[in-house]
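Going down the list, the sequences are from chains A and B. Under my numbering, the residues of the first sequence are numbered -9 to 316, in order. Under my numbering, the residues of the second sequence are numbered 251 to 529, in order.
If you are wondering where the hints come from, they were derived from the structure by calculation, not from laboratory data. All figures in this text were calculated on a predicted structure; none of them were measured in a lab. Among the hints, erroneous ones may be present.
[Claimed, not checked] Quick list of in silico lysine to aspartate or glutamate cross-link-like pairs, EDC-like style, CA-CA up to 20 Å:
1. A:Lys54 / A:Asp79
2. A:Lys90 / A:Asp79
3. B:Lys258 / A:Glu212
4. B:Lys288 / A:Asp153
5. A:Lys75 / A:Glu86
6. B:Lys311 / B:Glu474
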Amino acid sequence: MSVATQEATPAAAKPAKKKTRRGPEHRPGLNRWLPYLLLAPAVLAELLIHIIPMVVGIWMSFIKLTKFFIANWSAAPSAGLNNYKVALDFNNAVGEGLLKSFGVTVAFSLITVALSWVLGMAAAVALQPPFRGRGIIRTFFLVPYALPAYAGILTWNFMLQRDTGAVNHVLNQLHLSDGRTFWLIGSNALVSLITVATWKLWTFAFLTLMAGLQSIPGDLYEAASVDGAGNIRQWRNITLPSLRPVNLVLVLVLFLWTFSDFNTPYVLFGTAQPPAGDLITFHIYNASFLTWNFGTGAAMSVLLLIFLMIVTGAYLLVTGRRSRRA
Amino acid sequence: MRETQGFKIYRGVVLTVLGLFVLVPLYVMITSSLKPLKDVQGAFSWWPSNLTLTPFVDMWKTVPLARYFVNSTIVSVSATVFSVAIAILAAFAVSRFRFRGRTAFTTTVLSTQMFPGVLFLLPLFLIFVNINNSFGLQLVGTRLGLIITYLTFSLPFSIWMLAGYFDSIPRELDEAALVDGCGPMGALWRVVLPAARPGVIAVAIYSFMTAWGEVLFASVMTTEANRTLSVGLRQYSTQTNIYWNQIMAAALVVSVPVVIGFLLAQRHFVAGVTAGAVK
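One chain only, chain B, in its complex shape:
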């Protein structure tokens, strides 16, 4: 592309329109979180006339937000750790070994990812109920149930992306490690993993984002005690009032860790997607 005058105009228009499209909701979220309740209950205004920080204080009292925060953190972090660990092992096997059933495995794992979660929801719900009846292991309405569910959401993508990353690491490197007396696991730990660090980071962020933002399973599989943020935020709407300023404040606070994490590791993430999708 040449930077002709026409192109500059095109760029200006596109970036302005899309910039506004992205910005306006973010702006509304931030400014509304700084308004008193009566202002968000009246006609909309761009400029908050009475700036206040009370929504950020009140939101912890209206709804047990701290508890939801803790629940979400425990569930998402655990799911991420397990998912990444399992994906590393599986991706290493897929990338470095030829064995029977390899194709069947990758095909199955990948195809499960294309199916919508609602398909698994009912059966999984019933299976969990059955597990409880037969083994006394409570999965519906516990964090453990959610952790198990979430870890598999990100697993197919993680395996795929990591296998791609591992493939791009020269095999000679781990062969050298084998010659030097490492076992295959030593080669994975000392050579392959460090070289694939960006991929691991990207996959971890993806897993965390998936779990942190999940709505469907959280709405069915949780009870008051283990409710996560994605469902908890709805409770600012009561019979009598919708605390929009507190909802916006909570949405903001809930988003900050994920957005910062994503933007910090954005390069790795983009590189990871690129490595598979384009190269």
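So here's chain A without its partners, still in its complex pose:
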């Protein structure tokens, strides 16, 4: 979400700031150190939880960190590039598993992001003109987002049970299936994952797009109406182009979130994941904590990190956007 706030802020705010850019910082003495003092707690917290673990994680990926060395991990012997070789050897069981879960995750994220965006957009457009009950519906749509992840996903887990679940019950009554489908094991697991993740995520897309729509000046639409443009043309020629900056950020954020989603597979499947629903973060977690092979797990994490950085970098490059503060 921070990326969302970061990207689309206007350049217009900048010149105004320059003029007044003469604040407390021009005072001598303590004030020169004040910003650093103010930042110190944040820097400390970030160091402890994000920066140092990241460095340690990279280091971990180069050592033999099996269960024999956990207690005294700083003494574990070097593994060279061995962990990476194992993770990337696609003829081997470990590498093959990683590759498969990567494929599953790519499919999962692309479909989930696309669905969430379409649903969010459909709802945002539908709720754009004021009408009675708009506020209530809008608030109601936000409930899945507000619900703690596990509470929502547990409910879906219950609904997707084969014999006692609501989903099979409905399908059976509509004569769409015999009501005996397995949703949480086997090949349907991916469908379940996508449905649950979309249920949780579309509402964030809706929230962001709705905010974006409100910032489009109404006279644009009026002028277009006078010129005889229908609603669909107005959407294509006014709404979509105006939302471009919002969309660019939104899609990137949605992708990063879904690609690193852990809650959905973990709560939906427990620790025994079906291969069709084996998302990559979950895969790394299992590879590390079930087999106690932390070195390989760390190597997989670093690979995932590199992948996400490349995707983000390429995306920002292609869309030609720079962050405001960075």
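Fit chain B to the supplied structure of chain A, relying on the hints for placement.
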């Protein structure tokens, strides 16, 4: 958009379909929490034929839910308080001062947020173990460990959003306070913070939601004594029985404080997201 007949039909269809998509799980959650165990163990039914409140009573006994509730509350509230306090200071520095390393700081903080938690999990686990070995400070399996972990989850977003909020408050206001004899901290406390209250509320809610709903770290870093709700709720599934009615009742009770908080402050939250994302 004009409200043509076609648009009204479109709106009706979209709102009905999405309304059902949102509503059905909520409906199942609520009604199943009111059914006796044998009803949720049989074929699904839309109408609970035997309404009962016993799941809401039994759920406290099947699993030590009260303890998990207390744990979750302590962890989430502490993480929120620390996170918001630290974010306010950092955002003030970023918004009001020009100093060396400012760009490096904001870039680093922001980029850490894009990385999945599972990347930090293993190293953090080992670091915590090491801290325990060298300093005797127990972090794995304590509330303190979780609090530290959670406070940083929401920190990047909070800093970013608050800095945006502070930027939108005219600098002349705190300059006037400085002229009137306030120090920079006085200006922050008396002028900037009150003006940014909606932003602070939004950030606090976000932090609380993040901590209250966290699953991954809670599943690795907790033991029976300090288990939080996100992991505790799994314990309604035993070898012999899955108490679905109690799970749904517990899920409902656990969600109510967060959902109400979010919906009450929804305006501020939306305004906060909007301020950064769109303006």
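Each hint, compared with the structure:
For the suggested pair Lys54 (chain A) and Asp79 (chain A), the alpha carbons sit about 17 Å apart, so the restraint of at most 20 Å is met. As the CA atoms of Lys90 (chain A) and Asp79 (chain A) are separated by approximately 12 Å, the hinted pair is consistent with the 20 Å bound. Using a Cα cut-off of 20 Å, the hinted pair Lys258 (chain B) and Glu212 (chain A) holds, with the two alpha carbons roughly 18 Å apart. Distance check on the hinted pair: Lys288 (chain B) and Asp153 (chain A) sit about 13 Å apart at the alpha-carbon level, within 20 Å; holds.
Distance hint between Lys75 (chain A) and Glu86 (chain A) is fulfilled; the C-alpha atoms sit about 12 Å from each other, no more than 20 Å. Pair hint Lys311 (chain B) plus Glu474 (chain B) holds up; C-alpha atoms about 15 Å apart against a cutoff of 20 Å.
Checked against the numbered hints listed earlier, the structure breaks none of them; every hint is satisfied.
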